[in-house]
Amino acid sequence: MWGPFALALDAANSGCLSDTAISHCALLNGNVDPEFIHFYFQGSLTYYYTSNDYAQLCAEKTALTPGTPYNFTTTASKYQLEGAKHAYFQLCTCPGLAEDVGIIGISETELSVYWSAPSEGDFDLYHYKRDTEATVDVEKAVASVVHGNLTAGTIYILNVTIWTNYTCERSDGQETLISPPKSIELIGCTQPAPPKVNATYLGKTRIELNFSQPIGSVDYYILTSSPPLNDPKLGLIGDTVEEGKRIGTENLELMNLEKYRAYTFRAYPVFCNLVGTGNHRVARIEKPAAALKMMGVRPWAAMLVFFGAGASVTAIFFVVLYATFKFVFAPKPPPAGTTSATAQAPPADPEPEIPPNWRINNAYEQRADYNAIRIGKLN
Numbered sequence: 003m004w005g006p007f008a009l010a011l012d013a014a015n016s017g018c019l020s021d022t023a024i025s026h027c028a029l030l031n032g033n034v035d036p037e038f039i040h041f042y043f044q045g046s047l048t049y050y051y052t053s054n055d056y057a058q059l060c061a062e063k064t065a066l067t068p069g070t071p072y073n074f075t076t077t078a079s080k081y082q083l084e085g086a087k088h089a090y091f092q093l094c095t096c097p098g099l100a101e102d103v104g105i106i107g108i109s110e111t112e113l114s115v116y117w118s119a120p121s122e123g124d125f126d127l128y129h130y131k132r133d134t135e136a137t138v139d140v141e142k143a144v145a146s147v148v149h150g151n152l153t154a155g156t157i158y159i160l161n162v163t164i165w166t167n168y169t170c171e172r173s174d175g176q177e178t179l180i181s182p183p184k185s186i187e188l189i190g191c192t193q194p195a196p197p198k199v200n201a202t203y204l205g206k207t208r209i210e211l212n213f214s215q216p217i218g219s220v221d222y223y224i225l226t227s228s229p230p231l232n233d234p235k236l237g238l239i240g241d242t243v244e245e246g247k248r249i250g251t252e253n254l255e256l257m258n259l260e261k262y263r264a265y266t267f268r269a270y271p272v273f274c275n276l277v278g279t280g281n282h283r284v285a286r287i288e289k290p291a292a293a294l295k296m297m298g299v300r301p302w303a304a305m306l307v308f309f310g311a312g313a314s315v316t317a318i319f320f321v322v323l324y325a326t327f328k329f330v331f332a333p334k335p336p337p338a339g340t341t342s343a344t345a346q347a348p349p350a351d352p353e354p355e356i357p358p359n360w361r362i363n364n365a366y367e368q369r370a371d372y373n374a375i376r377i378g379k380l381n
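Sequential numbering of the sequence shown, starting at 3, is according to my numbering.
There could be a bad hint or two in this list.
[As the list claims (entries may be wrong)] Calculated pairs, PhoX-like style, for lysine-lysine (alpha carbon to alpha carbon, straight line, at most 25 Å): (1) Lys247 - Lys235; (2) Lys206 - Lys247; (3) Lys63 - Lys80; (4) Lys87 - Lys63; (5) Lys184 - Lys63; (6) Lys198 - Lys235; (7) Lys198 - Lys247; (8) Lys131 - Lys142; (9) Lys184 - Lys142; (10) Lys235 - Lys261; (11) Lys261 - Lys247; (12) Lys235 - Lys206; (13) Lys184 - Lys131; (14) Lys206 - Lys261.
[Claimed, not checked] Have a look at the derived ranges for each label pair, beta carbon to beta carbon: (15) Val277 - Thr64: 45 to 55 Å; (16) Asn253 - Arg132: 37 to 47 Å; (17) Val284 - Val243: 13 to 23 Å; (18) Ala13 - Gly104: 34 to 44 Å.
Calculated directly from the structure, the hints in this document are not laboratory data. Think of the CB as a built atom: it goes at the ideal place given N, C-alpha and C, for glycine as much as any other residue.
All chains, please: the whole structure from these sequences, using the hints.
What follows is the structure in C-alpha cells.
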C-alpha cells in the first residue's frame, strides 16, 4: 500500500502573523481524505502540530524571534502511512517594535524624538509620523527625528507613531513586512533662552543681581561666580555649573565682595530640568574717591600741585616768548659812519655862553643869602 502524496505549501495564506508568530498552511495536492496533517519546523524530525481535520490545513507557530526567517514543511498520513515532505519553504516573522521612545529639547528651538531598535531580530528602516504630518522614513542607524522652528522655554505635546520595516526573503520571492504601529504621546520642553543679567551697586561690598527672560519660561537659575564668592546666605558660589548655587528668578543680593575686584556672575537658566546657555554680568566695587591718592597725595592737594606746576610752566613759556620776541624784533644799530633819523634825536640848542665871573658871583650870592637866613634864624 502506498502512502499519501506529498502536500504543497499554501503560500497565499502562509506568512507573518506578528513579530513572534507565523501562519503555516498546506494544500492537499491530490490527497483525498487524509487522516492527519503534520506540520514541521526548521528541519525537526518531529512535527510541532497535527490536524486530524483535512479542512483545517493551517497551523500557527508561535514564540519566534521578530524579523527572522524560518523554514516549514508538511506531510499527510493515512492508514498509518506518512507521505513525503514537500520542500522546506522559508517564511519570516514581522519585525519588532521600536523601544524606549522619548523626547528631549536639544536647543532653544528644537526637540528630538528618539528611540532604540527592537531588542531582537532584524529590520531595514523606520516609518515615523507626528500628529497629522506626513509619514517620513528614518534610516536604521539614525533612530531619531528633530522638530525645529519652536519657541524657547516652552512645553510641547507630540503624538507620534513609529513602525519598523523588514524585507523577508521568502522561498517564492521578497515580501515587505511592517510591524504593528507603536503610538505614544510625548511631552517635551525646549531649552530656555539665555537671561538678561543686570547688577546694581548697594554698598562697598554688596551688589544686587536681577534677571529677566527675553522669551519663554524658566524654572530657576544656577548662579556661578568667577572668582568664587563666599556669600553669607548662599555659601561658596563656585565658577562651574556643578559648583554653582540654585537661585530663584527674583532679585538677589550678594555680599562679601572683595573691594576693587572684578567678579563675573553667570546665570544658567533651567527649564524642565534642561540647563540652557548662561549669560553673565561683570561687577566691580569701585574704589571710593575719598580713598584715592595720586602719587601719595590726596586729590585736592594733587589738584593744587598740578595747577601750580601748570601755572609756572605757562609763565616761563610767556617770559621766554617775550624775550625771544624782543631779541628778534629789536632795532638794529646803524652802520658805522651813517646816521639814522629814527635812531638819533635832533641836536639841542647850544647854551648861551655865561661869563665865568657870573657863575662865581652867583654861587657866592646864593651862599651869602643862605648864611644870612641861617644867622637870622639863630638870632
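Consistency of the hints with the structure:
For a cut-off of 25 Å, the pair hint linking Lys247 to Lys235 stands: about 11 Å separates their Cα positions. The hinted pair formed by Lys206 and Lys247 meets the criterion: a straight-line CA distance of about 23 Å does not exceed 25 Å. Annotation: proposed proximity of Lys63 to Lys80 holds, straight-line Cα distance about 24 Å (limit 25 Å). Taking the CA atoms of Lys87 and Lys63, the gap is near 18 Å; set against the 25 Å cutoff, the hint holds.
About 24 Å separates the Cα atoms of Lys184 and Lys63, which keeps this hinted pair within 25 Å; it holds. At roughly 23 Å between alpha-carbon atoms, Lys198 and Lys235 fall within 25 Å of each other, so this suggested pair holds. A threshold of 25 Å between alpha carbons decides the hint, and for Lys198 with Lys247 the separation of about 18 Å falls inside it, so the pair holds. Distance check on the hinted pair: Lys131 and Lys142 sit about 16 Å apart at the alpha-carbon level, within 25 Å; holds.
Of the supplied pair hints, the one linking Lys184 and Lys142 holds, its CA atoms being roughly 16 Å apart against a limit of 25 Å. Taking the CA atoms of Lys235 and Lys261, the gap is near 19 Å; set against the 25 Å cutoff, the hint holds. Only pairs whose Cα atoms come within 25 Å are accepted, and Lys261 paired with Lys247 is accepted, the gap being roughly 22 Å. Annotation: proposed proximity of Lys235 to Lys206 holds, straight-line Cα distance about 18 Å (limit 25 Å).
Between Lys184 and Lys131, the direct Cα distance comes to roughly 10 Å. Compliance with the 25 Å bound is thereby established for this hinted pair. Annotation: proposed proximity of Lys206 to Lys261 holds, straight-line Cα distance about 7 Å (limit 25 Å). Taking 45 to 55 Å as the suggested C-beta distance range, the pair Val277 and Thr64 conforms, at roughly 48 Å. Remark: the range hint 37 to 47 Å for Asn253 to Arg132 is upheld by a beta-carbon distance near 41 Å.
Separated by about 19 Å at the C-beta atoms, Val284 and Val243 satisfy the suggested range of 13 to 23 Å. Look at Ala13 against Gly104: about 40 Å separates their beta carbons, and that is inside 34 to 44 Å.
In this structure, every one of the numbered hints holds.
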